[in-house]
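Participant: Numbered according to the working numbering, the sequence shown spans residues 489 to 590.
Since the hints were derived computationally from the structure, they do not count as laboratory data. Using N, Cα and C, we set each Cβ at its ideal position, and we do this for glycine too.
Beta-carbon label-pair distances, calculated as ranges: (1) A506 to A582: 27 to 37 Å; (2) Y558 to A529: 24 to 34 Å; (3) L543 to G571: 16 to 26 Å; (4) W585 to V511: 17 to 27 Å; (5) S504 to E536: 37 to 47 Å; (6) L547 to V494: 29 to 39 Å; (7) D495 to R534: 47 to 57 Å; (8) L500 to A527: 37 to 47 Å; (9) C579 to A559: 19 to 29 Å; (10) Y514 to R534: 20 to 30 Å; (11) S504 to W585: 30 to 40 Å; (12) D495 to L551: 21 to 31 Å; (13) A535 to A503: 38 to 48 Å.
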Amino acid sequence: MRAARVDWRYRLAVASRAVAGAVGGYAMAAGWAGAVSLALARAMPRAEAVMVATLLSWLVYALAVAWVFYARTAWGAWLGTLGPAAVLGACAMAPRWLGAAA
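Full structure from sequences and hints, please.
Facilitator: Following this line, the structure appears as structure tokens:
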């Protein structure tokens with residue numbers, strides 16, 4: 489049986505998705521942890537809010553890594569991770585930008 493030859497573009501697309509999962513997933517998890525911890529800090533002690541948000545960010549990271557291999561294209565994988573990461577990061581930074589005490 490002869491092995492199928494894999495095109496370099498396919499390998500590049502898989503490598504791009506893997507990097508999108510690692511980098512974009514990390515950015516999304518970090519934005520999630522920041523935004524959710526600020527939201528939860530209104531209802532519980534700050535240390536507990538940070539702990540809950542950080543523990544939930546592992547789930548967000550795993551879902552982001554799964555998403556990049558579910559996306560139709562590598563560009564969709566990048567946009568699907570970095571887009572929400574930018575929104576969550578902006579939500580986490582909004583109190584500082586607006587001058588409110590977080």
